[in-house]
Amino acid sequence: VTDLAGVVYEGRTELMDPDKARFAQRTEARTLAEVIEEADVFLGLSAGGVLKPEMVARMAPRPLILALANPTPEILPEEVRAV
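Anchor point for the sequence shown: position 23 equals 23 in the UniProt record's numbering, and the numbering is continuous, going up by one each time.
Possibly wrong hints are sitting among the right ones.
[As the list claims (entries may be wrong)] The calculated label-pair distances, taken between Cβ atoms and stated as ranges, are:
#1 Ala5 with Asn70: 16 to 22 Å
#2 Arg26 with Glu78: 17 to 23 Å
#3 Ala82 with Val41: 32 to 38 Å
#4 Lys20 with Ala60: 22 to 28 Å
#5 Thr13 with Leu43: 22 to 28 Å
#6 Glu10 with Glu37: 29 to 35 Å
Calculated from the structure, these hints are not laboratory results. From a predicted model like this one, the values you see are computed outputs, not experimental measurements. Glycine residues also receive a C-beta, built at the ideal position from the N, C-alpha and C atoms.
Modelling step: build the complete structure from the supplied sequences, incorporating the hints.
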């Protein structure tokens with residue numbers, strides 16, 4: 001799980017609350033770019049532009065990308081298709 005501050009990891013204090021803390025993982029990763037490799041699914045509900053084409057290229061083949069931030073999605077469909 002990631003948010004605008006990065007990976008939700010054990011011990012993180014920035015932008016944390018008890019509900020989010022339930023999903024904290026023990027990991028050294030701190031950014032979306034670090035955890036996206038080989039991912040099959042991206043479910044975005046955060047902010048426009050956070051998923052970059054180079055991140056999509058490192059995901060599993062034919063990933064399911066649900067970029068649902070409004071009004072600007074995490075990545076535009078044409079950017080995904082160009083990868």
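Structure-based check of all given hints:
no.: 1; hint: Ala5 with Asn70: 16 to 22 Å; in the structure: holds, 20 Å
no.: 2; hint: Arg26 with Glu78: 17 to 23 Å; in the structure: violated, 37 Å
no.: 3; hint: Ala82 with Val41: 32 to 38 Å; in the structure: violated, 20 Å
no.: 4; hint: Lys20 with Ala60: 22 to 28 Å; in the structure: holds, 26 Å
no.: 5; hint: Thr13 with Leu43: 22 to 28 Å; in the structure: holds, 24 Å
no.: 6; hint: Glu10 with Glu37: 29 to 35 Å; in the structure: violated, 21 Å
Of the numbered hints given earlier, the model fails hints 2, 3, 6; all others are met.
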